[in-house]
Amino acid sequence: MRIVSNRTGLFCAFAAFLGIMFFLGCDNKKEARDQTTLERVSLQYWTDRLVTRDYEPAYNREADNASMSLEEYRKLVSRNENFKFSGLKIDRVNIENDGSLVYVTLKCMIPNVPKVIERTFKDKWIYQSNQWKHKFVKTQP
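Just so we're aligned: the sequence shown equals residues 1048 to 1188 in our numbering.
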């Protein structure tokens, strides 16, 4: 009888260990350090920030988000809420050792301006803790 309960106890301990390892592994969001992944991440970042105005995911993608609160970030990036952004696309991605550049093009409708304005800008990203992180610049849209 004692042999059965020792085996059962070992099995339960092993199953618990596997469960813990599974859940810890799920929390580790390792992203590939390649052009395709950075293009996808950057497009999602700018969609969140400008199109859907879902600021929390954009804030969580910032490399230096500890330097300001979510509310401070929201105040800085929401200054363009009167503008309507569309046509987001990634033109080019340059991955470098110390930081990467993404060239983003967007279309913008400004109130009381009859034509759509198209703009391309350089966006800086770094690969930090197995994730792509955005380098916040106050002069970006």
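Everything labelled a hint here was simulated from the structure, so no lab data went into it. Any given hint might turn out to be false.
As the list claims (entries may be wrong) - Below 20 Å or equal to it, Euclidean Cα-Cα: the simulated EDC-like pairs (lysine to aspartate or glutamate) are: (1) K1136 to E1118; (2) K1131 to D1111; (3) K1169 to E1143; (4) K1185 to D1081; (5) K1169 to D1095; (6) K1162 to D1111; (7) K1122 to D1095; (8) K1136 to D1081; (9) K1180 to E1103; (10) K1077 to D1145.
Honestly, which of those hints from before does the structure not fit?
-> Hints 1, 2, 4, 6 are the ones this structure does not satisfy, whereas the remaining hints hold.
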